[in-house]
Amino acid sequence: MILDCAGTKEQQSSFSAITFGDWCPDGRLHIPFAERRKLSSMELYHWMIKLYYWSMFVDKRPVNEIGIEKEKYGIFLHDLVKVNNHKLPTQLLDIRNIPRDDRNTEVVKYYESGRILSKPGLKDYEDEVLSWYRGKKKGTDIFDTIYYHFRI
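In case it helps, this note's numbering puts the sequence shown at residues 123 to 274.
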């Protein structure tokens, strides 16, 4: 599970996004879940906990690792998990100043080459893929999470 934290519900704020990723033996990333929402940090925390336990008890495919983007809201979320749910396998992920265009272009290359497979009906993911263009500033929240799947 990878989280991209927006941390606020303000109009100018981006969305928070969560994706699940399963790796196939042939090196392809399968995405069974990808959504984005306008959430506060605490709402994102509760959504993450809900999805973590949903994956374990309902989906029967428990999450092995929770990656959280290393930025101010992500650091807050990571610290909150360590205090309240210290057994959850969280880690901070750093993009190391790689420009958004470069990250998104890499995800598009993986998508176009067939290295990313997704469950049908993931509307938020499909919208981002179909509306992406180089230089796009907003609406790439799920792309950011997918980029991290390839970096772990």
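Source of the hints: derived by calculation from the structure; they are not laboratory data.
Keep in mind that a hint or two might mislead.
[As the list claims (entries may be wrong)] SDA-like, lysine to any residue: derived pairs with alpha carbons at most 20 Å apart: (1) K258 with H168; (2) K192 with K182; (3) K172 with D148; (4) K259 with P221; (5) K231 with F198; (6) K260 with K241; (7) K204 with K231; (8) K259 with D144; (9) K258 with L173; (10) K131 with K182; (11) K131 with K194; (12) K192 with Y175; (13) K241 with H168; (14) K192 with K204; (15) K182 with I153; (16) K260 with H168.
[Claimed, not checked] For each label pair, taking beta carbons as the anchor points, the in silico distance ranges come out as: (17) I171 with D216: 33 to 41 Å; (18) K192 with G261: 15 to 23 Å; (19) G261 with V205: 26 to 34 Å; (20) F179 with H152: 14 to 22 Å; (21) G243 with I197: 14 to 22 Å; (22) P221 with S253: 15 to 23 Å; (23) K260 with S162: 29 to 37 Å; (24) K131 with R273: 23 to 31 Å; (25) R256 with R218: 30 to 38 Å.
Idealized CB from N, CA, C, for every residue including glycine.
These are the hints, each one checked on the structure:
Only pairs whose Cα atoms come within 20 Å are accepted, and K258 paired with H168 is rejected, the gap being roughly 29 Å. A C-alpha spacing of about 29 Å is found between K192 and K182, which places the hinted pair above 20 Å, so the restraint is violated. Using a Cα cut-off of 20 Å, the hinted pair K172 and D148 is violated, with the two alpha carbons roughly 30 Å apart. Using a Cα cut-off of 20 Å, the hinted pair K259 and P221 holds, with the two alpha carbons roughly 11 Å apart.
Note on K231 and F198: the hinted pairing is violated, with a Cα-Cα distance of about 32 Å set against a maximum of 20 Å. The suggested pairing of K260 with K241 is violated, with an alpha-carbon distance near 24 Å, which exceeds 20 Å. A threshold of 20 Å between alpha carbons decides the hint, and for K204 with K231 the separation of about 35 Å lies outside it, so the pair is violated. As the CA atoms of K259 and D144 are separated by approximately 27 Å, the hinted pair breaks the 20 Å bound.
Only pairs whose Cα atoms come within 20 Å are accepted, and K258 paired with L173 is rejected, the gap being roughly 29 Å. Restraint check for K131 and K182: the C-alpha separation of about 32 Å exceeds 20 Å, so the hint is violated. Between the alpha carbons of K131 and K194 the distance comes to roughly 15 Å, so the proposed pair stays at or under 20 Å and holds. In summary, the hint linking K192 to Y175 is not supported, as the alpha carbons are separated by about 23 Å, beyond the 20 Å threshold.
Between the alpha carbons of K241 and H168 the distance comes to roughly 24 Å, so the proposed pair goes past 20 Å and is violated. With a CA separation close to 15 Å, the supplied pair K192 and K204 stays within the 20 Å bound. Only pairs whose Cα atoms come within 20 Å are accepted, and K182 paired with I153 is accepted, the gap being roughly 16 Å. Of the supplied pair hints, the one linking K260 and H168 is violated, its CA atoms being roughly 24 Å apart against a limit of 20 Å.
Between I171 and D216 the beta carbon distance is about 23 Å. The supplied range of 33 to 41 Å is therefore violated. Distance hint check for K192 and G261: the Cβ-Cβ separation is about 22 Å, which falls inside the suggested range of 15 to 23 Å. G261 and V205 have their C-beta atoms about 32 Å apart, which keeps the hinted 26 to 34 Å range intact. As the Cβ distance of F179 to H152 is approximately 21 Å, the hint placing it in 14 to 22 Å holds.
A hinted range of 14 to 22 Å for the beta carbons of G243 and I197 is inconsistent with their spacing of about 33 Å. With their beta carbons about 19 Å apart, P221 and S253 fall inside the hinted range of 15 to 23 Å. Between K260 and S162 the C-beta distance comes to about 19 Å, which lies outside the given range of 29 to 37 Å. Between K131 and R273 the beta carbons are some 28 Å apart, a value that agrees with the proposed interval 23 to 31 Å.
A hinted range of 30 to 38 Å for the beta carbons of R256 and R218 is inconsistent with their spacing of about 21 Å.
Of the numbered hints given earlier, the model fails hints 1, 2, 3, 5, 6, 7, 8, 9, 10, 12, 13, 16, 17, 21, 23, 25; all others are met.
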